[in-house]
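There are 2 protein chains.
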Amino acid sequence: MSYFREAINFMEEYIPGEQPEKEGYIKLNTNENPYPPSPLVEKKIKEALGLGKISLYPHPLGGELRERAQEVYGLPLDWIVVGNGSDELLNLLFRLFLDKGDRVAYPFPTYTLYRTLAFLQEAEREEIPFPPDFSLPESFLTSPAKLKVVCNPNSPTGTFLPLSQIEKLLSLSSCPVIVDEAYVDFAPCSALPLLQKFPNLIIVRTFSKSFSLAGLRVGLLFAHPDIVRGVLKIKDSYNVGILSQAGGAAALEDMEHMRKNVEKIKSTREWFSAEMEKLGFLVYPSQANFIMARKERRDLKFLYEELKKRKILVRYFPQWPDSLRITIGKEEEMKTLLDTIQEIIGRVNV
Amino acid sequence: MSYFREAINFMEEYIPGEQPEKEGYIKLNTNENPYPPSPLVEKKIKEALGLGKISLYPHPLGGELRERAQEVYGLPLDWIVVGNGSDELLNLLFRLFLDKGDRVAYPFPTYTLYRTLAFLQEAEREEIPFPPDFSLPESFLTSPAKLKVVCNPNSPTGTFLPLSQIEKLLSLSSCPVIVDEAYVDFAPCSALPLLQKFPNLIIVRTFSKSFSLAGLRVGLLFAHPDIVRGVLKIKDSYNVGILSQAGGAAALEDMEHMRKNVEKIKSTREWFSAEMEKLGFLVYPSQANFIMARKERRDLKFLYEELKKRKILVRYFPQWPDSLRITIGKEEEMKTLLDTIQEIIGRVNV
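In order, the protein sequences belong to chains A and E.
Residue 41 is where the first sequence starts when you use our numbering, and the numbers rise one by one after that.
Residue 41 is where the second sequence starts when you use our numbering, and the numbers rise one by one after that.
If you are wondering where the hints come from, they were derived from the structure by calculation, not from laboratory data.
Don't take each hint at face value.
Identical chains share a label here; the pair holds if one copy fits it or two copies do between them.
As the list claims (entries may be wrong) - Computed cross-link-like contacts, DSS-like style, restricted to lysine-lysine with a CA-CA straight-line distance of at most 27 angstroms: (1) K318 with K335; (2) K62 with K335; (3) K86 with K300; (4) K306 with K93; (5) K186 with K304; (6) K93 with K186; (7) K140 with K186; (8) K83 with K93; (9) K304 with K93; (10) K349 with K62; (11) K351 with K306; (12) K93 with K335; (13) K93 with K62; (14) K93 with K300; (15) K300 with K341; (16) K273 with K140; (17) K348 with K93; (18) K348 with K273; (19) K304 with K83; (20) K335 with K273; (21) K237 with K140; (22) K186 with K341; (23) K273 with K341; (24) K93 with K375; (25) K349 with K86; (26) K86 with K208.
As the structure is a computational prediction, the values presented were derived from the model and not from experiment.
Use the sequences and the hints to build the structure in full.
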């Protein structure tokens, strides 16, 4: 006998990528940043520690972090929510909008957390396959769903939708539309300029990728104040601690540092994508800090496993067995990966 | 028109105590600890910062923090969940057990977050008034609710239920029973020894009170592995950051420091309670780090407001207007408070 809600017993849970407890891995499986965050982050966290305020509750709305976000992103404070990573913000949004049986639509494949969050709300999932060019499917644009989500750049493919398509989606949708911009700093542009025009647009960001702060748990949400009020109503009062607020604020004070890291990663991405194509992989054009490499009709589990044996972690999704998602690390790491892949596939003759 | 679930529009939200942005307040309104945490906390957080791992995702299950909890509380790892404060853990539990229309029961008055969490799940609330002696009401013991919650020591009253009553509750309940032990380190004993006997017992703890770490956001949940598995299934993968894990683990390495602070607070509590009684307040016997002081049939809002003008913050709940909840601070702070209350009530002749 289970005490749980029936939906919990039957739901598929989200399985995050491995976080190896042992040292010595080249870790290219969860899209972390290979370069350290701005030195200002450590400095400001130490300062916050020194203030002796760790025994007090943090600012419920994010304090200085929200103020810095206001400056950097040019939005009033009441358009901004600070979250315990963007996962918490996505979780809150699904809970805010979706009653049991309501429909949530998203193009597929995408971040599998959306499916888990839909299960949690007992929402009906409308998972619409991307066409081969990864544009937005017509039936997604016109779906009468209660909530739409699009990850841009998309994970696990890395593909990017131009602003004109996001604008078309917003125009054709009478429901809230979440644009998950976890990877947007690696892409040409953001949907931010559309916020003023579309009160149904919600943008979600994370500090885990471009800002090199996955360990700190910081995310941001941008939306019309009417939506922000709802999120604040249901979030835990003290969802982001004092040190995360200080570190996140510091990261936003040194945008130059983040941008330099992003440029290095983008350049490695272009070179690495070309090398993977030379090895016979189909590589989706990526605007993120990872690539999806595919061998059509081959199960690449063996490659994932052989790499793991050699202490290189990449991401294998059982639902897309002919592809691997590979985070862009440092150039040396990617060279080691290329050599290792060559060695493995030379041997098994893929 | 609102995009929100209808329940969200109608729900009462939880209003946390004020966190003043200006300095210079004597802050006795949110039950923080007036003494700093163990010096080991700062040391270990700085060490964690120095390891350069802040760009990596944290251990999804709490890493070293969970291991330390295993040692300190004498429970196997699979009986422990680490949370982003105990609020997150309570939130997860309500979401795990309660479908729309299911009944959640708790004695009242208590922590008002339970009401908010019930609203969020559209659960039916069975709020059963405590009898004058603050024992568990018979109808609560025998309620056929889907979930029961008891805060022990209770907030805002500070009153404490002996283990025999918790045991009786567990014996008579076929549903999961949450014992919220946020303040238990200030009380004579915990329900921990009952865990092995009652697979429906769930204990929730926080580091915000006895451990002086409200700013870090750390909580713990102890329960049978079957329940733990459900909580892990629905929690955000990376709910507690690297620095909070390090700081929480450090706090558990120095239990002696926490216990000394607790002893000081308990001694101040006994003295302060007696002084408040001399001033004509009814003071509930408290086993927490706060007291509830009452003047029957008087609205104490004026006292709260006059104290605030003099930069002393205590907690006034509009639903219990004849009482103030006062955190136990340092002895000097409580002396200042007593003098100030005397000055105010002397003047207005309460």
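Each hint, compared with the structure:
1. Within a single copy, K318 and K335 get their C-alpha atoms as close as 12 angstroms, which meets the 27 angstroms cut-off; across copies the closest is 81 angstroms, which misses it.
2. Proximity of K62 to K335 under the C-alpha cut-off of 27 angstroms is found in neither arrangement, the shortest distances being 30 angstroms within a copy and 60 angstroms between copies.
3. In this assembly of identical chains, K86 and K300 lie within 27 angstroms of each other by CA distance both inside one copy and across copies; the values are 24 angstroms within and 26 angstroms between.
4. For a Cα distance limit of 27 angstroms, the shortest separation of K306 from K93 across copies, 22 angstroms, qualifies, whereas the shortest one inside one copy, 39 angstroms, does not.
5. For a Cα distance limit of 27 angstroms, the shortest separation of K186 from K304 qualifies neither inside one copy, at 40 angstroms, nor across copies, at 54 angstroms.
6. Proximity of K93 to K186 under the C-alpha cut-off of 27 angstroms is found in neither arrangement, the shortest distances being 42 angstroms within a copy and 39 angstroms between copies.
7. Proximity of K140 and K186 under a CA criterion of 27 angstroms is satisfied in both settings, with 11 angstroms inside one chain copy and 19 angstroms between copies.
8. Taking the closest pair of Cα atoms, K83 and K93 come within 27 angstroms of each other both inside a single copy (16 angstroms) and across two copies (15 angstroms).
9. When the C-alpha separation of K304 and K93 is checked against a cutoff of 27 angstroms, the pair qualifies only between copies, where the shortest distance is 20 angstroms, while the shortest distance within a copy is 37 angstroms.
10. In this homomeric assembly, K349 and K62 come within 27 angstroms of each other (Cα to Cα) only inside a single copy, at 13 angstroms, whereas the closest approach across copies is 55 angstroms.
11. For the identical chains of this complex, K351 and K306 are intra-copy neighbours only, at 24 angstroms inside a copy versus 53 angstroms across copies, given an alpha-carbon limit of 27 angstroms.
12. Within a single copy, K93 and K335 get their C-alpha atoms no closer than 53 angstroms, and across copies no closer than 33 angstroms, so neither meets the 27 angstroms cut-off.
13. For the identical chains of this complex, K93 and K62 are inter-copy neighbours only, at 13 angstroms across copies versus 34 angstroms inside a copy, given an alpha-carbon limit of 27 angstroms.
14. For a Cα distance limit of 27 angstroms, the shortest separation of K93 from K300 across copies, 20 angstroms, qualifies, whereas the shortest one inside one copy, 33 angstroms, does not.
15. Taking the shortest Cα distances, K300 and K341 never come within 27 angstroms of each other, neither inside one copy (34 angstroms) nor across copies (55 angstroms).
16. In this homomeric assembly, K273 and K140 come within 27 angstroms of each other (Cα to Cα) both inside a single copy, at 20 angstroms, and across copies, at 19 angstroms.
17. In this assembly of identical chains, the alpha carbons of K348 and K93 lie at most 27 angstroms apart only when taken from different copies (20 angstroms versus 43 angstroms within one copy).
18. For a Cα distance limit of 27 angstroms, the shortest separation of K348 from K273 across copies, 26 angstroms, qualifies, whereas the shortest one inside one copy, 44 angstroms, does not.
19. For the identical chains of this complex, K304 and K83 are intra-copy neighbours only, at 24 angstroms inside a copy versus 33 angstroms across copies, given an alpha-carbon limit of 27 angstroms.
20. Neither within a single protomer nor between protomers do K335 and K273 lie at most 27 angstroms apart by alpha-carbon distance, with minima of 47 angstroms and 32 angstroms respectively.
21. Taking the closest pair of Cα atoms, K237 and K140 never come within 27 angstroms of each other, the shortest separation being 30 angstroms inside a single copy and 36 angstroms across copies.
22. Proximity of K186 and K341 under a CA criterion of 27 angstroms is satisfied in neither setting, with 37 angstroms inside one chain copy and 44 angstroms between copies.
23. Proximity of K273 to K341 under the C-alpha cut-off of 27 angstroms is restricted to the inter-copy arrangement: shortest distance 25 angstroms between copies versus 44 angstroms within a copy.
24. In this homomeric assembly, K93 and K375 come within 27 angstroms of each other (Cα to Cα) only across copies, at 23 angstroms, whereas the closest approach inside a single copy is 45 angstroms.
25. Taking identical chains as interchangeable, the C-alpha atoms of K349 and K86 are never at most 27 angstroms apart, the minima being 38 angstroms within one chain and 33 angstroms between chains.
26. For the identical chains of this complex, K86 and K208 are neighbours neither inside a copy (46 angstroms) nor across copies (48 angstroms), given an alpha-carbon limit of 27 angstroms.
When each numbered hint is compared with the structure, violations occur for hints 2, 5, 6, 12, 15, 20, 21, 22, 25, 26.
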